[in-house]
Amino acid sequence: MKTIFLLTLLLTFQVPGLAQFFSGEISYTVKIIPKIKNLNVDSILNQQPGTTSVYAITNGFYKSTYFKNGEVTYSYTYHGDTKRMYDEVAGKDYISFRDSRKGKTSRIRSIIYPDSTKVILGQKCFLVERVYEGYISKTYYALDLKIDPESFSSHLVGDWYNQIKEVKGSVSMTSINEYTTHFEINEVTKLTARPLKPEYFALPDKLIVASESALDKGVALAQLSKETIECYRHKMTAGLKDVPLNEFRSYIILIVSANGDLKYMEPYEKDKHELYKVAMTIISGCGINFIPGQIAGKNVDTLVYFPVDFSK
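In numbering that gives the first Met the number 0, the protein residues as written are 0 to 311.
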């Protein structure tokens, strides 16, 4: 049994002539290196989905799970068969999906430096530099550790398929993103090769809804009645009465069902003046109705970030 297990483990790495690709888990950690004095590094790290992550991958599937202080904060899972990326935030009762084929990129150029090498966790790596609008990325890819790029040919989000195709499937071992104020470094801390079946990437039993980016036709507001407009104005004026603000915008997270009803509502952020509570009462109590979003001509449940504006 030990011999069979060892053989299976070894074959998960690419072997010349056998066309085997990496399957398993890759652990990463993120670091922030400031370029300017007095940069609030903790604030930048708090904006990250996690300070460590585990990336599980096999042909046509992957899952990236993020952690802060040892607890899961967020994950996204790619299913090549559905061509969807499923986003799950810890503590939420729903999962939203994006269409992996609807990708945009701000990449300006890329250069491969095959002779600029370093060894990371025993893997000889080469450098690729990519210039984007707003930052420069330098990534070290393992020369002999590969995934099958064609099994991710529908993954255009993040320009990912084009990136892994460019490096012939090589696995990223360290990336260094340079911004105006700091460097963001993601580096591999552990490699665990093992076979992963599609069942490993199964989604938990939660409500699954479309993100707005996945829609062919977006969620829309139904025509507002005079009563709805007056209700909105009344609640807005009352909410701003003792608040030292002339203008404010509160975003409310909604799930608009396939029949236009609201399945879920919560604030995106809770402001100190509690205007988010007023925004929620406006949505729920002023007769605001929605026209559901569509994919391929069919109404779908959709996650919406709905803005409610306040002004004196």
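In case anyone wonders, no lab produced these hints; they're calculated from the structure. One should not assume that every hint holds.
[As the list claims (entries may be wrong)] Dumping the calculated DSSO-like pairs for lysine-lysine here, alpha-carbon to alpha-carbon at most 30 Å:
id, residue 1, residue 2
1, K91, K145
2, K103, K240
3, K67, K137
4, K82, K269
5, K145, K167
6, K103, K167
For clarity, every value in this text was computed on a predicted model and none was experimentally measured.
Check your understanding: What hints, given by number in increasing order, does this structure fail?
Key -> 1, 2, 4
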